[in-house]
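J.: Put together the whole structure using the sequences plus the hints.
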Amino acid sequence: MRVLLIAVTLGLQFFAPPRIQDRYPDPPNDLTRVYYLDRDHKLQPLPFERGITSLNVFVPATRDKVTQVRVNGASAETALANDDLHFYAFVADRMEPPPHQLVRLTPAKSDRRLKISVVKGRDGYAPFESDTIGLEHRLLERLRVSAGPNRILFVNYMELRPKRILTPGEYAIIGDSLADMATFRIK
0 MRVLLIAVTL
10 GLQFFAPPRI
20 QDRYPDPPND
30 LTRVYYLDRD
40 HKLQPLPFER
50 GITSLNVFVP
60 ATRDKVTQVR
70 VNGASAETAL
80 ANDDLHFYAF
90 VADRMEPPPH
100 QLVRLTPAKS
110 DRRLKISVVK
120 GRDGYAPFES
130 DTIGLEHRLL
140 ERLRVSAGPN
150 RILFVNYMEL
160 RPKRILTPGE
170 YAIIGDSLAD
180 MATFRIK
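According to numbering that gives the first Met the number 0, numbering within the sequence shown proceeds without interruption in unit steps and concludes at 186.
Note that these hints are calculated values from the structure, not bench results.
Ideal placement from N, C-alpha and C gives every residue a C-beta, glycine not left out.
Check the hints yourself; a few may be wrong.
[Said to hold, decoys possible] If you anchor each label on the Cβ, the simulated ranges turn out as follows: (1) I51 to I132: 19 to 27 Å; (2) G120 to D83: 39 to 47 Å; (3) M94 to I164: 21 to 29 Å; (4) M94 to E128: 17 to 25 Å.
T.: Right under this line is the structure:
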């Protein structure tokens, strides 16, 4: 009798309807922004602030160097609570790993700073591991985007979540460019 009960139970689980995937907000129209969910579960764009540095991270570095990136102002405009943070961004199709990184900014008197390094002969930059918070990436939707007459690009709509709880302070989500740092603070 017990074997029959287990077989029936397993059979019912096998034919059970599939679990509905977690709901997520519809993709916004502006694919260049980083978004967060507000208290009403609506997407809001994080403001971009310019990272100021003497380096051009788009050309190969002439030597290994460690430098600071400055963001004007003592604090970010957007204050978020630290309860179940979700961010949403768009990434070029097949870009692995996605370029977005979550970093903690160090407050100074009138600005916030991030220490980065560049490597001789290579373009790009890297924040230090001690300033970086791991992100979970989840692909939500692959979108077809018109890029002109008879030209279509594919873009991935993604959810980004910190792998750990953020302590109060200043943060930024950064990508390839330091000119557009999506900043926020945790209260």
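J.: Please go over all the hints and tell whether each is borne out by the structure.
T.: Quick rundown of the hints versus the structure:
1. I51 to I132: 19 to 27 Å: 22 Å, holds
2. G120 to D83: 39 to 47 Å: For D83 against G120, whose Cβ atoms are near 42 Å apart, the range 39 to 47 Å holds.
3. M94 to I164: 21 to 29 Å: 27 Å, holds
4. M94 to E128: 17 to 25 Å: 21 Å, holds
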